[in-house]
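In order, the protein sequences belong to chains G and B.
If you read the first sequence in my numbering, its first letter stands for residue 1, the second for the next number, and so on.
If you read the second sequence in my numbering, its first letter stands for residue 672, the second for the next number, and so on.
Think of the hints as simulated: they come from the structure by calculation, not from any bench.
Do not take every clue at face value.
[Stated by the list, open to error] Quick look at which bits of chain B chain G covers, simulated, 3 or more residues with Cβ under 8 Å:
id, stretch
1, 723 to 731
2, 791 to 797
3, 816 to 822
4, 834 to 842
5, 860 to 868
[Unchecked claim] Residues on chain G that point at chain B, a partial pick, calculated with CB under 10 Å:
id, residue
6, ALA51
7, ARG71
8, ALA159
9, SER173
10, LYS280
11, ILE572
12, GLU578
The structure presented is a predicted model; accordingly, all values stated were derived computationally and were not measured.
We put the beta carbon where it would ideally sit given N, CA and C, even for glycine.
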Amino acid sequence: MSVLDSKTPKGPIKDQWTNHKNHINVVNPANKRSIDVIVVGTGLAGGAAAASLAEMGYKVKAFCFQDSPRRAHSIAAQGGINAAKNYQNDGDSTYRLFYDTVKGGDYRSRESNVYRLAEVSANIIDQCVAQGVPFAREYGGLLDNRSFGGVLVSRTFYAKGQTGQQLLLGAYSAMNRQIGKGKIEMFNRHEMLDVVVVDGKARGIIARDLVTGKLERHGAHAVVVATGGYGNVFFLSTNAMGSNATAAWKIHKKGAYFANPCYTQIHPTCIPRSGDYQSKLTLMSESLRNDGRIWVPKNIADVEAIRAGKKSPTELSEDERDYYLERRYPAFGNLVPRDVASRAAKERCDAGYGVNKTGEAVYLDFKSAIERYGKEAATVHGEKNASHERIIELGAAVIKSKYGNLFQMYEKIVDQNPYKTPMMIYPAVHYTMGGIWVDYNLMTTIPGCYAAGEANFSDHGANRLGASALMQGLADGYFVLPYTMGDYLADEIRTGPIATDSKEFDEAEKNVSGTIERLMNIKGTKSVDHFHKELGKVMWNNVGMARNAKGLEEAQEQIRKIREEFWKDVRIPGDMNELNTELEKAIRVADFLELGELFAKDALHRNESCGGHFREESVEVGGEQSGEAKRDDENFKYVAAWEWTGDPKTSVLHKEELEFNDIELKQRSYK
Amino acid sequence: MSELGMNLTLKIWRQKDAKAKGKMETYKVTEISEHMSFLEMLDVLNEQLINTGQEPVAFDHDCREGICGMCSLYINGEAHGPDRGVTTCQLHMRMFYNNDTIYIEPFRAKAFPVVKDLIVDRSSFDRIQHAGGFISVNTSGNTQDANSLPIPKLDADKAFDAATCIGCGACVATCKNASAMLYVSAKVSQFALLPQGKIEAKDRVLNMVEQMDKEGFGNCTNTGACEVECPKGISLENIARMNSEYLKASLVREK
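Modelling step: build the complete structure from the supplied sequences, incorporating the hints.
Put into structure tokens, the structure is as follows:
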């Protein structure tokens, strides 16, 4: 048997979570007061967990690197949050959400976890409304829904294009209530730099106060890492500038296995890059694909004329446009899952049809939607003979009420009006489905150390569906960890406070300060960003949307070289005992330089295409599915969990075989 | 503007730490593209400083898409600079001209002490939220069904508009009194407009205003500058609503 025990409960899938909750240990309220829990990261997963655990009575210490927990990058999620409420009477159910998520993830996720996620999804909406989250409503006062990619129902709840912000502010307000009561001790501008393991259990962390530069020791009976994903290993992504993998990577190096690092989501609708100075990429929400149609010109002559500025896209007639998603995938059209939409955009651009100067852009066009909404609005207003201009005016107003902030954001960045001319978009790194391996209780392979939200690998398989990240973050934080952690903590009621003067804490702190001193003493010639950009280039070119064995082997070599160069030649000005933003970046990039190599190694070993992981060697040939990704269930129906051995080159692979008892394994078709 | 982009003179506030005395320093950057964001222009400056052995300018930033509220620069005398409805990270260099001199300072207010260079400490904002910026509902799987509480769309929309505040502090930085009324009223309004928030409405407004005063923010004299500079267009109407909520609450408060 594998060393990995998923601890999936026995019995029918629909009863597993209820039975599990009924039979796991709980800690009595009086004992909770003497138990300390550390939560690192204050996004949806971390914020929700910190607040809920404190409400239950645990003593919580929460950490974030930003100046306030409200700034965690969950705040930037735009489109919405899924929940199987069936408010639209379109036949939605827990099973359907479960099925869509497993299928969307290309059959590479653990059934039991996904079913639980679908099961608690409805509770999340109830909880958020009770907190005062202002979701979009219909005129009758009830909640509104929209559709997202890869599904055939409307189950996405939203707050304009700022759903993540509203949900995070909900969790932040729940945290604030507990901070005010002294139940959560909040550490802003602090970064976790190691986990401390005593007798095989997680017993605390070493954190750096980013203002003073001082290292601090914090003891606890359990540690939750909810620090998000590692998309910034590509340098350019839709992640925030500070988003990093350091906390996750540190626990990996102390014994937590890292699962499926190669599963990365390249989001189809982002604003294309404009130059070498580019620091990040901006997402245009998937919700736009509800109303926007994606196309490139049919004729290469038009492409060239547009690139040369001699023609505008609005001049092209319907016949001259290739709505390639509608053409290739008539059933799902513009709402195919993200991995499929991204690859289709790359396919067109590689064939020479990209519509901007770099050749890396396709159009997302709202013309049809504006006309359709305009006609509807004219009817509602009783304007039977409305002119075309009037219809466009009315339609634009409807689009504005739905996506106003996104359109404004686009205009500010690109300096073009998307109400009048189609948006230009291109795929960009957005989310990482891989992450720290966890069991059904969300515990890592280090006892007492948990991983939640994007930081774990748990629910999305090889591809995440839109509006499911918010659902998973809040499910983990509000409704899973508060129960499952009790099972472990019930054995800790006699432990007493964790002393931080032990040799394990001494050693961990010494290691961290040693690393920082080593970095400061390199005094090389190149900035941290220089190395980060080099790494990003290798990742994008060789480990991006399409991967092959040769490129992946080269990538590992190149990353090793960049890493060696980094440790010889990086220049970090300033002092370690002060606020030093270059030092902060250097610590994070040092970790990305190791993670990137493991990422490429994982991508090389998985010689199949599944979800966001596309191997050029594994493609369907002939038939209706020709050119689509080809999965290999016989050889790769498992979670790849990597054990750290001191160097990514020698990392050891452990497999958790995936069992599909409730869903039939078949080829994912969106045709 | 030349093909190569703009040449700019930057006057930037440098201050080693909270206790040190700061001063304006002058820097030059060249070949700045009009498509760059303002913070990407500062990245170029910092790369230049690092490569010549100097310390880069410290500034707060994170999401770089106008939603986290972390960036906080006072540019040519305006919070978030000359454009409207944007944060500093969304400000683009096309708003400036070749050979411009640009003054960059931290957000200035007694309640926002400087931490380093352009970074300020806005934890006073968090403490106001600790005092009452929440609805007292614990996490449970048993809250009532979300649709059992219909809310008129207009109220929900207004609550949403207030809730879009990103807590950046531009309102405070731009106010001649360094007042935080727009920020506090946005949260008070969000909850005052929703039925869920009514139960604790009185204590909430009184406690949050009390904490606001304790933190050393100034009072509101209705100049409206905050609304002009707010990147999210939070309306002054919220201040009026908070004043009315405050008045009601103070008249009937039970001790």
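Here's how the hints hold up against the structure:
1. 723 to 731: Since three or more residues must qualify, the claim that chain G covers the stretch 723 to 731 of chain B holds, with 6 doing so at under 8 Å.
2. 791 to 797: holds (count 5)
3. 816 to 822: With 6 residues in contact (Cβ-Cβ under 8 Å with chain G), the coverage given for the stretch 816 to 822 of chain B holds.
4. 834 to 842: Since three or more residues must qualify, the claim that chain G covers the stretch 834 to 842 of chain B holds, with 4 doing so at under 8 Å.
5. 860 to 868: Check passed, 5 qualifying residues.
6. ALA51: holds (7 Å)
7. ARG71: At 4 Å from the nearest chain B Cβ, ARG71 (chain G) passes the 10 Å test, so the hint holds.
8. ALA159: Since chain B brings a Cβ to about 6 Å from ALA159 (chain G), closer than 10 Å, the hint holds.
9. SER173: Holds. Min distance 4 Å.
10. LYS280: holds (5 Å)
11. ILE572: holds (9 Å)
12. GLU578: With Cβ-Cβ at 7 Å, under 10 Å, it holds.
The structure fails none of the hints (numbered hints given earlier).
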